[in-house]
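S.K.: Take a look at the letters that make up each chain.
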Amino acid sequence: MKFWKVLLAFFSLIYISIIFIFALAWINNLKLANEWKTIYNFKPDSQAKITPEAQNVLWKQKIQALQPKGVYIMVDSAENKYYLKKDGETIREGLVSTGSGVILVDPSGKRSWVFDTPKGEFFVKTKIQNPYWVKPDWAFIEDGEPIPKNPEDRVEGGVLGDYALGFGNGYFLHGTLYTRLLGRNVTHGCVRFADKDLEVIYKMAKIGTKIYIY
Amino acid sequence: MFKKKSDAKNKKALHLSFSLMIFLTMIVSFGLLSGQTPRSETRMASPVKKVTSHKVRKMVAPATTAPDKTQQKNQAKKPSENKPQSNAQPKLAINQQILKENKFLEEEYTLAKNPQYYFVINLKDKKTELRARGMVLKSWIARQIKYAGKPVPLKVTALVQKSALNPPKRKLIKPGESEVMPTPAPSEKDEKGKTKSKKSAPSSASPDSDEFQLEALEITDMPTTYELILDNGLKISVRSKTSGKQKLHQAAESFLWYVWLPVKNFLINRKNPETRMIIYFDNPREAQGLYWAFIDGIKGIIWLP
Numbered sequence: 001m002k003f004w005k006v007l008l009a010f011f012s013l014i015y016i017s018i019i020f021i022f023a024l025a026w027i028n029n030l031k032l033a034n035e036w037k038t039i040y041n042f043k044p045d046s047q048a049k050i051t052p053e054a055q056n057v058l059w060k061q062k063i064q065a066l067q068p069k070g071v072y073i074m075v076d077s078a079e080n081k082y083y084l085k086k087d088g089e090t091i092r093e094g095l096v097s098t099g100s101g102v103i104l105v106d107p108s109g110k111r112s113w114v115f116d117t118p119k120g121e122f123f124v125k126t127k128i129q130n131p132y133w134v135k136p137d138w139a140f141i142e143d144g145e146p147i148p149k150n151p152e153d154r155v156e157g158g159v160l161g162d163y164a165l166g167f168g169n170g171y172f173l174h175g176t177l178y179t180r181l182l183g184r185n186v187t188h189g190c191v192r193f194a195d196k197d198l199e200v201i202y203k204m205a206k207i208g209t210k211i212y213i214y
Numbered sequence: 001m002f003k004k005k006s007d008a009k010n011k012k013a014l015h016l017s018f019s020l021m022i023f024l025t026m027i028v029s030f031g032l033l034s035g036q037t038p039r040s041e042t043r044m045a046s047p048v049k050k051v052t053s054h055k056v057r058k059m060v061a062p063a064t065t066a067p068d069k070t071q072q073k074n075q076a077k078k079p080s081e082n083k084p085q086s087n088a089q090p091k092l093a094i095n096q097q098i099l100k101e102n103k104f105l106e107e108e109y110t111l112a113k114n115p116q117y118y119f120v121i122n123l124k125d126k127k128t129e130l131r132a133r134g135m136v137l138k139s140w141i142a143r144q145i146k147y148a149g150k151p152v153p154l155k156v157t158a159l160v161q162k163s164a165l166n167p168p169k170r171k172l173i174k175p176g177e178s179e180v181m182p183t184p185a186p187s188e189k190d191e192k193g194k195t196k197s198k199k200s201a202p203s204s205a206s207p208d209s210d211e212f213q214l215e216a217l218e219i220t221d222m223p224t225t226y227e228l229i230l231d232n233g234l235k236i237s238v239r240s241k242t243s244g245k246q247k248l249h250q251a252a253e254s255f256l257w258y259v260w261l262p263v264k265n266f267l268i269n270r271k272n273p274e275t276r277m278i279i280y281f282d283n284p285r286e287a288q289g290l291y292w293a294f295i296d297g298i299k300g301i302i303w304l305p
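Chain order of the listed sequences is S and P.
Each residue of the first sequence is one higher than the one before, starting from 1 at the first, in this note's numbering.
Each residue of the second sequence is one higher than the one before, starting from 1 at the first, in this note's numbering.
Bound-form chain S, shown alone:
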């Protein structure tokens, strides 16, 4: 009987100790959670000539000054959507096709291409009407065709739509024949638009117009 009592007491104590440690761990946890608020206690700059309020306004103005003015284009590569914006307001939006993300490896194994649409801030570098596509090497490799030696054999017309806006490294915003695939990731890195959308963009965008791809 005495043994059982001692055993019971022993286990009770262990139980109480565990509960107690849990309780203290939780107090500690809450304390740490509270620190998330208090850690941001900053001291004002003693050498600053302006008040924190004025500094706040100044920072906001500085950041706002970095934002694009006038017309700019935003491309959401995840949803395959574009937004044509003017001074922060969306004036037109629609579907696009962006990079498929697949990898093509040269049969020799020396070269490979990842068909991703680049992400980041770009600007319109070239504007072309009735563009021709100068097929790069990967286009022939992908089709299993020999790479032509004559540069003229690389030129293909009509596949890029009526307009193209280049934003560097051979990437373009252009039209497409495959309008049913708008909204999907199918391209080799360029951004394909519907003809009507592209026409509006071409007319509104100038050389230097910002493009944000994310």
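Some hints here could point you the wrong way.
Subject to a maximum C-alpha distance of 27 Å in a straight line, what follows is the list of computed DSS-like cross-link-like pairs (lysine-lysine) [unchecked claim]:
1) Lys-125(S) to Lys-113(P)
2) Lys-235(P) to Lys-60(S)
3) Lys-69(S) to Lys-299(P)
4) Lys-81(S) to Lys-171(P)
5) Lys-171(P) to Lys-31(S)
6) Lys-60(S) to Lys-103(P)
7) Lys-31(S) to Lys-100(P)
8) Lys-138(P) to Lys-86(S)
9) Lys-241(P) to Lys-81(S)
10) Lys-146(P) to Lys-171(P)
11) Lys-119(S) to Lys-155(P)
12) Lys-69(S) to Lys-241(P)
13) Lys-127(P) to Lys-62(S)
14) Lys-37(S) to Lys-235(P)
15) Lys-103(P) to Lys-49(S)
16) Lys-69(S) to Lys-113(P)
17) Lys-299(P) to Lys-138(P)
18) Lys-119(S) to Lys-100(P)
19) Lys-103(P) to Lys-127(P)
20) Lys-43(S) to Lys-100(P)
21) Lys-37(S) to Lys-127(P)
22) Lys-2(S) to Lys-12(P)
23) Lys-127(P) to Lys-119(S)
24) Lys-171(P) to Lys-37(S)
25) Lys-299(P) to Lys-62(S)
26) Lys-155(P) to Lys-135(S)
27) Lys-62(S) to Lys-103(P)
28) Lys-103(P) to Lys-241(P)
None of these hints come from the bench; they were simulated from the model.
Use these hints to put chain P onto chain S, whose structure you have.
M.R.: Same frame as chain S, but now just chain P:
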């Protein structure tokens, strides 16, 4: 009679041992906890003590500068004179709010200066934003954001690693086996009788794009449950509402969050508590979108307004 006496003795001994053990556990536990407190206190107190700006100094002075004896007496005698101090508290709080925002804006400015886009996780609004040049490109509102452990400083941080159980895999296309494309939709020019392209689509193509299987990496291929590891040591777990199969996994994760993590931070990582965050989304596509947008090395700020 004799038995009763021994029972009473046993009971007393039991009571004594119980109370002694509880007392000991309390001492040991408080001893463990006391190792934690000074650090948090200094963190909380030091910024107020070091206040130097003219405006803030005026407001904080009654509370922080060591008052002389007469002042102390006056304060003790006339509690009504402490009113300016109580008014100073909300002012100080407002000022702190502005200072905090200033720090955030300062950090954001360093990011906005660069052409790369960046993220901002607002813990108060449960909002994750993708920004470029200070403007919001895209935002995701979480159902819940939980955070625990050592707080992360209000500084620019970078994504070091994305880890998922089933990470998306890029598809490899073999030369000559170009993907099957659907037939081009007839355009206005085609209708007028002009040929628009030399390229002809394969005849085997499906006319319906919904049924068309693409060899591509799309948002739907992204994981809905994954971890983001930042360079400041913060581990962010992103979760979304999932099927019944994963409920057991969620229960286990809740146990780890509410039981194991506090105990681990209390007993094992007391000096350097582990920082964890969980972002819950209602829609799995939002979690997938976040995975898509958070490219390796992306910089950003986590802040609690």
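S.K.: Which hints from the list above does the structure break, by number from lowest to highest?
M.R.: 2, 5, 10, 12, 18, 24, 26, 28
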